[in-house]
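K.L.:
With these hints in hand, go ahead and build the complete structure from the sequences.
Single-letter residue listing:
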Amino acid sequence: MWEYTKTVKDHFLNPRNVGIIEDADGVGEVGSLACGDALTLYFKLDDHKRIKDVKFQTFGCASAIASSSALTEMIKGLTLEEAAKVTNEDIAEFLGGLPKQKMHCSVMGRDALEKAISNYRGEAEKKVEGEIVCECFGVTDIEIERAVRENNLTSIEDVTNYVKAGGGCESCHDKIQKIIDETLGRETKVKKKVIRLTNIQKIKLIEETLEREIKPALKKDGGNIELVDVDGNNVIVKLQGTCAACSASEITLKNYVESKLRELVAPELLVEEVQS
Amino acid sequence: MDNNATTQVAPEVLEEMLPYFSEFYGNPSSMHTFGGMVEQKIVEARERLARLLGASPEEIIFTSCGTESDNTAIRAAILSNPDKKHIVTSRVEHPAVKNLYEYLAKNGYRVTFVPVDRKGILDLDYLYKNLSEDTAIVSLMWANNESGVIFPIEDIGKVLKEKGIVFHTDAVQAVGKIPIDLKNVNVDMLSLSGHKLHGPKGVGALYVRKGTKFSPFLIGGHQEKGRRGGTENAASIVGLGKASELAARNISGENIRVKKLRDKLETEILNRVSNAIINGDREHRLPNTTSIAFEFVEGESILLMMDEYGICASSGSACTSGSLEPSHVLRAMGVPFTAAHGSVRFSLSIYNTEEEIDFIIEKLPPIIERLRELSPFWKKAL
Numbered sequence: 001m002w003e004y005t006k007t008v009k010d011h012f013l014n015p016r017n018v019g020i021i022e023d024a025d026g027v028g029e030v031g032s033l034a035c036g037d038a039l040t041l042y043f044k045l046d047d048h049k050r051i052k053d054v055k056f057q058t059f060g061c062a063s064a065i066a067s068s069s070a071l072t073e074m075i076k077g078l079t080l081e082e083a084a085k086v087t088n089e090d091i092a093e094f095l096g097g098l099p100k101q102k103m104h105c106s107v108m109g110r111d112a113l114e115k116a117i118s119n120y121r122g123e124a125e126k127k128v129e130g131e132i133v134c135e136c137f138g139v140t141d142i143e144i145e146r147a148v149r150e151n152n153l154t155s156i157e158d159v160t161n162y163v164k165a166g167g168g169c170e171s172c173h174d175k176i177q178k179i180i181d182e183t184l185g186r187e188t189k190v191k192k193k194v195i196r197l198t199n200i201q202k203i204k205l206i207e208e209t210l211e212r213e214i215k216p217a218l219k220k221d222g223g224n225i226e227l228v229d230v231d232g233n234n235v236i237v238k239l240q241g242t243c244a245a246c247s248a249s250e251i252t253l254k255n256y257v258e259s260k261l262r263e264l265v266a267p268e269l270l271v272e273e274v275q276s
Numbered sequence: 001m002d003n004n005a006t007t008q009v010a011p012e013v014l015e016e017m018l019p020y021f022s023e024f025y026g027n028p029s030s031m032h033t034f035g036g037m038v039e040q041k042i043v044e045a046r047e048r049l050a051r052l053l054g055a056s057p058e059e060i061i062f063t064s065c066g067t068e069s070d071n072t073a074i075r076a077a078i079l080s081n082p083d084k085k086h087i088v089t090s091r092v093e094h095p096a097v098k099n100l101y102e103y104l105a106k107n108g109y110r111v112t113f114v115p116v117d118r119k120g121i122l123d124l125d126y127l128y129k130n131l132s133e134d135t136a137i138v139s140l141m142w143a144n145n146e147s148g149v150i151f152p153i154e155d156i157g158k159v160l161k162e163k164g165i166v167f168h169t170d171a172v173q174a175v176g177k178i179p180i181d182l183k184n185v186n187v188d189m190l191s192l193s194g195h196k197l198h199g200p201k202g203v204g205a206l207y208v209r210k211g212t213k214f215s216p217f218l219i220g221g222h223q224e225k226g227r228r229g230g231t232e233n234a235a236s237i238v239g240l241g242k243a244s245e246l247a248a249r250n251i252s253g254e255n256i257r258v259k260k261l262r263d264k265l266e267t268e269i270l271n272r273v274s275n276a277i278i279n280g281d282r283e284h285r286l287p288n289t290t291s292i293a294f295e296f297v298e299g300e301s302i303l304l305m306m307d308e309y310g311i312c313a314s315s316g317s318a319c320t321s322g323s324l325e326p327s328h329v330l331r332a333m334g335v336p337f338t339a340a341h342g343s344v345r346f347s348l349s350i351y352n353t354e355e356e357i358d359f360i361i362e363k364l365p366p367i368i369e370r371l372r373e374l375s376p377f378w379k380k381a382l
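Residue numbers (the numbering used here), protein chains in the order written: chain Y, 1 to 276; chain F, 1 to 382.
Treat the hints as calculated values from the structure; they're not laboratory data. Beta carbons are placed, not taken as given, at the ideal position from N, Cα and C, and that holds for glycine. A portion of the hints provided could be inaccurate.
Reference listing, derived: stretches of chain F covered by chain Y, where coverage requires no fewer than 3 residues with Cβ under 8 Å from a Cβ of chain Y [to be verified]:
#	stretch
1	3-10
2	288-298
3	332-345
4	368-376
The calculated EDC-like cross-link candidates involving lysine to aspartate or glutamate, where the alpha carbons are at most 16 Å apart (straight line), are [stated by the list, open to error]:
#	chain 1	residue 1	chain 2	residue 2
5	Y	215	Y	226
6	Y	9	F	307
7	Y	52	Y	81
8	Y	44	Y	25
9	Y	6	Y	93
10	Y	178	Y	158
11	Y	238	Y	272
12	Y	55	F	308
13	Y	44	Y	114
14	F	363	F	307
15	Y	100	Y	158
16	Y	6	F	307
17	Y	6	F	308
18	Y	85	Y	150
19	F	379	Y	226
20	Y	55	Y	22
21	F	380	Y	29
22	F	380	Y	208
23	Y	55	Y	23
24	Y	9	F	308
25	Y	100	Y	3
26	F	379	F	369
27	Y	52	Y	23
28	Y	55	Y	89
P.N.:
Here you go:
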């Protein structure tokens, strides 16, 4: 038996805002009978563009019904911009948590809301982006990557719990593992740089980045840059060539050199030009 | 209403077991009278179980559960036929057999999974066509735990005997519910489990027909004539013996009553709820089981709403198992997803009453109606 919280049980047994809004401003439909759960979400806005009324219909298990009900309570009275910020984690949190295997129910809520908002804004239904990885449940690589990134998922089982991918014939497990590795690989690399850099490593990495990324770009415009010193998080450089005389050098330094170094080395770096 | 999952230990069974937890704690293997008294009681249990099956006591090996019995039987068959690399089973087996076969498939065995039709009936042509000299064992369940459908074990046994192929049956759901007489059925090995017939959990048995090549799964002491090592679970074996005696007594009379209750439940629910379908053949079926598919609603929701009234059942829906697909049994039967997700199994026992059945008939239809009102597919389907 599932361990459902009191809030989940309450929203399942007494779901709020069940029904249809005939003249809805936005409608979002996700899921299908075959998938085992589906949700249709309707909302109506007031004169101040706030969500005045919201209704849902859900086919699915207790946590799917509870997640839908919770979502309607959470977004009532919000502007669409505010509502759009609601994540699947927020829905799960509102319910006092969901069993891991049921997280996909909260993801379904968020997806329905996104669709309803796009529907209101008159955006064409987003075409399925990316490539279908899980044939059984029709889940794309982009959806899997997003779930991995947003929820820090580390295993195939996690991915199945959140977006269902891999829960059927299991033939896509290798592909899912690859997506997890790639997504996490990228993220862990960045984190490592933040956490583990010693001073020497930091200086080396700054030098490498200047050589590999920044100098070639500046040279195209006839300029160049030289590393003078690194003092804590302050990177002191000297601009050369056309850059030295350029009136936009300040912008080059801050918008390009500094942002590049922050992205590739450490986010707390500050770039200064040496005063000659 | 979930007696295919497990049953209540009969009060008579418990009463007979209790002394073997306290005063009679002797080891049945010991030479002294204190142990010998326990040994005597195990002999009696073996006789009682043998009588229920139409077997002789030497053909009974006590195990720890149905799963152990299944594993023992299948491994014994392939170990005794080391040159044969083909094994056969059905697509609707319990995980105890299904997962073992899948494991063996990854370890050098060629596996044939025999399909069933929409009613859950086994494709016998397919089975017979795929048998060969290389077939080490055929393992088929006697009755299905989800649909209750009964396979024609007698007929299959005749064919397999002619061909000289080892035949094992997982009869965990059948023993105690339908009459079984192994004198007239050609099965070489049969698995059963104590807690499915009002005995305790943690005890099962494997019938091995005299003359069948055998090799133990648990290698250890001389218990069970060296066929299953490990000190006997004396109290539970005593319990299984008593449960077998009760089952033999109840199998005709009580089962007619159980069948009547099941039929009433089924008929009344179908009368009161539209878009409800019985999964499985209604004729060749256990007397206590019904699997009903309610279209456009989801099984876990039905179960939890019934749970609020204290009604226990189970579901073939994906959500209840923690997997994402409906049960492999319903899928093998080709039950459409629209119905499989909303399938609920009721399995009765001799302890269910007519009042309980009436209570479900009263409470279930409004639950389905309520969930259908919640469902975006319901209005569209009408």
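K.L.:
Next, verify each hint and record whether it holds.
P.N.:
Hints, one by one, checked against the model:
Figure legend: the stretch 3-10 of chain F, annotated as covered by chain Y; annotation inconsistent (0 residues with Cβ-Cβ distances under 8 Å, at least 3 required). With 3 residues having a beta carbon nearer than 8 Å to a beta carbon of chain Y, the stretch 288-298 of chain F meets the requirement of three or more and the stated coverage holds. With 3 residues having a beta carbon nearer than 8 Å to a beta carbon of chain Y, the stretch 332-345 of chain F meets the requirement of three or more and the stated coverage holds. Closer than 8 Å: that is the beta-carbon criterion, and the stretch 368-376 of chain F has 4 residues meeting it against chain Y, so the requirement of 3 holds.
For the suggested pair residue 215 (chain Y) and residue 226 (chain Y), the alpha carbons sit about 9 Å apart, so the restraint of at most 16 Å is met. Pair hint residue 9 (chain Y) plus residue 307 (chain F) holds up; C-alpha atoms about 12 Å apart against a cutoff of 16 Å. Pair hint residue 52 (chain Y) plus residue 81 (chain Y) holds up; C-alpha atoms about 14 Å apart against a cutoff of 16 Å. Of the pairs offered as hints, the one joining residue 44 (chain Y) and residue 25 (chain Y) holds, with about 5 Å between alpha carbons and a cut-off of 16 Å not exceeded.
Note on residue 6 (chain Y) and residue 93 (chain Y): the hinted pairing holds, with a Cα-Cα distance of about 13 Å set against a maximum of 16 Å. Only pairs whose Cα atoms come within 16 Å are accepted, and residue 178 (chain Y) paired with residue 158 (chain Y) is accepted, the gap being roughly 14 Å. For the hint pairing residue 238 (chain Y) with residue 272 (chain Y), the CA-to-CA distance comes to about 8 Å; that is within 16 Å, so the pair holds. Our distance criterion of 16 Å between C-alpha atoms is broken by residue 55 (chain Y) and residue 308 (chain F), whose separation comes to about 25 Å.
Using a Cα cut-off of 16 Å, the hinted pair residue 44 (chain Y) and residue 114 (chain Y) holds, with the two alpha carbons roughly 15 Å apart. Proximity of residue 363 (chain F) to residue 307 (chain F) is assessed by CA-CA distance (about 11 Å); at most 16 Å being required, the pair is judged to hold. A hinted pair counts as satisfied when its Cα atoms are at most 16 Å apart, and residue 100 (chain Y) with residue 158 (chain Y) qualifies at roughly 8 Å. Note on residue 6 (chain Y) and residue 307 (chain F): the hinted pairing holds, with a Cα-Cα distance of about 15 Å set against a maximum of 16 Å.
Taking the CA atoms of residue 6 (chain Y) and residue 308 (chain F), the gap is about 13 Å. The hint holds against a cut of 16 Å. Proposed proximity of residue 85 (chain Y) and residue 150 (chain Y) is supported: the alpha carbons are some 13 Å apart, at most 16 Å. Annotation: proposed proximity of residue 379 (chain F) to residue 226 (chain Y) is violated, straight-line Cα distance about 71 Å (limit 16 Å). Of the pairs offered as hints, the one joining residue 55 (chain Y) and residue 22 (chain Y) holds, with about 10 Å between alpha carbons and a cut-off of 16 Å not exceeded.
Under the criterion of a C-alpha separation no larger than 16 Å, the hint pairing residue 380 (chain F) with residue 29 (chain Y) is consistent with the structure, at around 14 Å. A hinted pair counts as satisfied when its Cα atoms are at most 16 Å apart, and residue 380 (chain F) with residue 208 (chain Y) does not qualify at roughly 63 Å. Annotation: proposed proximity of residue 55 (chain Y) to residue 23 (chain Y) holds, straight-line Cα distance about 12 Å (limit 16 Å). A distance of roughly 10 Å separates the Cα atoms of residue 9 (chain Y) and residue 308 (chain F); the hinted pair therefore holds under the 16 Å criterion.
Between residue 100 (chain Y) and residue 3 (chain Y), the direct Cα distance comes to roughly 10 Å. Compliance with the 16 Å bound is thereby established for this hinted pair. Distance restraint check for residue 379 (chain F) and residue 369 (chain F): the Cα-Cα separation of roughly 12 Å lies within the 16 Å cut-off, and the hinted pair is therefore satisfied. About 13 Å separates the Cα atoms of residue 52 (chain Y) and residue 23 (chain Y), which keeps this hinted pair within 16 Å; it holds. Of the supplied pair hints, the one linking residue 55 (chain Y) and residue 89 (chain Y) is violated, its CA atoms being roughly 21 Å apart against a limit of 16 Å.
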